[in-house]
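Engineer: Residues per chain are reported as follows:
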Amino acid sequence: MPELKLPELAEGVNEAVVSFWHFKEGDTIKEGDEIVEMATDKAAFNVPCKFSGILKKIVAQEGDTVKVGQILAIIE
Amino acid sequence: MKHIDLGISEYREAYRIQREFVDKVANGESDNILIITEHKSVITIGRKGSADHIFKTEDIEVLNIDRGGDVTYHGPGQLVAYPIFKLENEAKDIHNFLKFLEDVGINFLSRYGIAAQRNPGFRGIWVKDAKIGSIGIGVKKWVTYHGMAININPDLRPFSFIKPCGIEGVKITSLENLSNEKIDINDAKHKLKDSFEEISLLAETICKR
Chain Z
0 MPELKLPELA
10 EGVNEAVVSF
20 WHFKEGDTIK
30 EGDEIVEMAT
40 DKAAFNVPCK
50 FSGILKKIVA
60 QEGDTVKVGQ
70 ILAIIE
Chain A
0 MKHIDLGISE
10 YREAYRIQRE
20 FVDKVANGES
30 DNILIITEHK
40 SVITIGRKGS
50 ADHIFKTEDI
60 EVLNIDRGGD
70 VTYHGPGQLV
80 AYPIFKLENE
90 AKDIHNFLKF
100 LEDVGINFLS
110 RYGIAAQRNP
120 GFRGIWVKDA
130 KIGSIGIGVK
140 KWVTYHGMAI
150 NINPDLRPFS
160 FIKPCGIEGV
170 KITSLENLSN
180 EKIDINDAKH
190 KLKDSFEEIS
200 LLAETICKR
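Protein chains in written order, with numbering that gives the first Met the number 0: chain Z, 0 to 75; chain A, 0 to 208.
No lab work stands behind these hints: they were computed from the structure.
The structure displayed is predicted, hence computed values, not measured ones.
All C-beta atoms, glycine included, are put in the ideal place defined by N, C-alpha and C.
One or more of the hints may lead you astray.
To be verified - Dumping the calculated DSS-like pairs for lysine-lysine here, alpha-carbon to alpha-carbon at most 25 Å:
no., chain 1, residue 1, chain 2, residue 2
1, A, Lys-140, Z, Lys-29
2, A, Lys-139, Z, Lys-49
3, Z, Lys-23, A, Lys-140
4, Z, Lys-66, A, Lys-170
5, A, Lys-127, A, Lys-162
6, A, Lys-39, Z, Lys-56
7, A, Lys-39, A, Lys-192
8, A, Lys-170, A, Lys-127
9, A, Lys-139, Z, Lys-23
10, Z, Lys-4, A, Lys-140
Claimed, not checked - Calculated from the model, a selection of chain A residues having no Cβ within reach of chain Z, i.e. all distances over 10 Å:
no., residue
11, Lys-23
12, Lys-39
13, Arg-46
14, Asp-65
15, His-94
16, Asn-95
17, Phe-96
18, Asp-102
19, Arg-122
20, Val-126
21, His-189
22, Lys-192
Said to hold, decoys possible - Listing some non-contacts, in silico: residues in chain A with all C-beta distances to chain Z over 12 Å:
no., residue
23, Thr-56
24, Leu-62
25, Pro-75
26, Gly-76
27, Tyr-111
28, Lys-140
29, Tyr-144
30, Leu-155
31, Leu-200
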């Protein structure tokens, strides 16, 4: 099952906090849809989904701190 | 570099214009564009911010917004730059882009003979132990918005109503405080645009188009 992971941000920046999900579990996602907003110290950014499919499971909840490479969600 | 000057703008209106350009730049309908403005007085809270960092407002409007960072104040006499730029290497460039903005701010102040620098602990533009410029960005479709605010000659009193950027006891200064001469805001706008152009030539984070 495709896993959406937190992309690399920059040297020395290893984690970000989930601000909010633009979709909920069960929603249909198209490749390129911005699926979740994350925040670091001075940047708020949207992560586009790399796959099309159904948002099966939100792994990182709003407020959670996620490390680079960690799973944000599972798409089916 | 394409740029527009909104004069003294309402925060919400400038935000609407930024988001319009984000879509256009993302779709390839517009080149990268630099929006320059001063805002009517407003206090904004970023995604990492807390309303607890506002002690009083004296009727200044407070807005929650979608940039990184904490609480800040904008008002006339503060130069605000919103670069709507496409990032070259997408997520990897987000924090390099923050450094790029700091470099632009430092270059700008050097044009007035002011030696500004980064502060290893805190992002932004600093002169000795005082903060003169703040940064905080948003990114949609790998296009940046929000940006940088540099104090030219604003009323600094409203900064005492808040804990700027969530930093305890931070000193806030302005270009006019440091240079002991009157600064022309239109001249400052030109210099800031020149700094963006000069530093952009060196930056690898921005799509050249």
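Engineer: Decide, hint by hint, whether the structure agrees.
Structural biologist: Hints, one by one, checked against the model:
Annotation: proposed proximity of Lys-140(A) to Lys-29(Z) holds, straight-line Cα distance about 14 Å (limit 25 Å). Between the alpha carbons of Lys-139(A) and Lys-49(Z) the distance comes to roughly 15 Å, so the proposed pair stays at or under 25 Å and holds. Between the alpha carbons of Lys-23(Z) and Lys-140(A) the distance comes to roughly 20 Å, so the proposed pair stays at or under 25 Å and holds. Restraint check: the Cα-Cα separation between Lys-66(Z) and Lys-170(A) comes to about 33 Å, which exceeds 25 Å; the hinted pair is violated.
For the hint pairing Lys-127(A) with Lys-162(A), the CA-to-CA distance comes to about 19 Å; that is within 25 Å, so the pair holds. Among the hinted pairs, Lys-39(A) with Lys-56(Z) is inconsistent with the structure: their alpha-carbon atoms are about 44 Å apart, more than 25 Å. Distance hint between Lys-39(A) and Lys-192(A) is fulfilled; the C-alpha atoms sit about 21 Å from each other, no more than 25 Å. With a CA separation close to 10 Å, the supplied pair Lys-170(A) and Lys-127(A) stays within the 25 Å bound.
Among the hinted pairs, Lys-139(A) with Lys-23(Z) is consistent with the structure: their alpha-carbon atoms are about 19 Å apart, no more than 25 Å. With a CA separation close to 17 Å, the supplied pair Lys-4(Z) and Lys-140(A) stays within the 25 Å bound. For Lys-23(A), the shortest C-beta to C-beta distance to chain Z comes to about 17 Å, beyond the 10 Å cut-off, and the non-interface label holds. Every beta carbon of chain Z lies more than 10 Å from that of Lys-39(A), the smallest distance being close to 23 Å; the non-interface claim holds.
Its beta-carbon lying about 4 Å from the closest one in chain Z, Arg-46(A) breaks the requirement of being farther than 10 Å from that chain. At roughly 5 Å, the least C-beta separation between Asp-65(A) and chain Z is not larger than 10 Å, which violates its mark as non-interface. Residue placement check: His-94(A) does not keep its beta carbon more than 10 Å from all beta carbons of chain Z (closest about 3 Å). Under the 10 Å C-beta cut-off, the non-interface status given to Asn-95(A) relative to chain Z is violated; the minimum distance is some 5 Å.
Non-interface call for Phe-96(A) relative to chain Z: violated, since the shortest CB-CB distance, roughly 8 Å, does not exceed 10 Å. Once the 10 Å rule is applied to beta carbons, Asp-102(A) is consistent with being away from chain Z; the minimum gap is 14 Å. Once the 10 Å rule is applied to beta carbons, Arg-122(A) is inconsistent with being away from chain Z; the minimum gap is 5 Å. With 10 Å as the threshold on Cβ separation, the claim that Val-126(A) sits away from chain Z holds: the shortest Cβ distance comes to roughly 19 Å.
Against chain Z, the non-interface label of His-189(A) holds: every CB pair exceeds 10 Å, the least being about 26 Å. Its beta-carbon lying about 22 Å from the closest one in chain Z, Lys-192(A) satisfies the requirement of being farther than 10 Å from that chain. At the 12 Å boundary, the C-beta of Thr-56(A) stays outside the reach of chain Z, the nearest C-beta of that chain being 23 Å off. Distance to chain Z confirms Leu-62(A) as a non-interface residue, since its nearest Cβ pair spans about 14 Å, more than 12 Å.
With a minimum CB-CB distance of about 24 Å to chain Z, Pro-75(A) clears the 12 Å threshold, and the non-interface call stands. Every C-beta of chain Z lies more than 12 Å from that of Gly-76(A), the closest at about 23 Å, which supports listing it as non-interface. The beta carbon of Tyr-111(A) sits about 24 Å from the closest Cβ of chain Z, which is more than 12 Å, so the claim that it is off the interface holds. Under the 12 Å C-beta cut-off, the non-interface status given to Lys-140(A) relative to chain Z is violated; the minimum distance is some 7 Å.
Under the 12 Å C-beta cut-off, the non-interface status given to Tyr-144(A) relative to chain Z is violated; the minimum distance is some 10 Å. The beta carbon of Leu-155(A) sits about 21 Å from the closest Cβ of chain Z, which is more than 12 Å, so the claim that it is off the interface holds. Distance check on Leu-200(A): its Cβ is at least 21 Å (rounded) from any Cβ of chain Z, clearing the 12 Å threshold; non-interface status holds.
Of the hints listed earlier, those the structure fails to meet are numbers 4, 6, 13, 14, 15, 16, 17, 19, 28, 29, in rising order.
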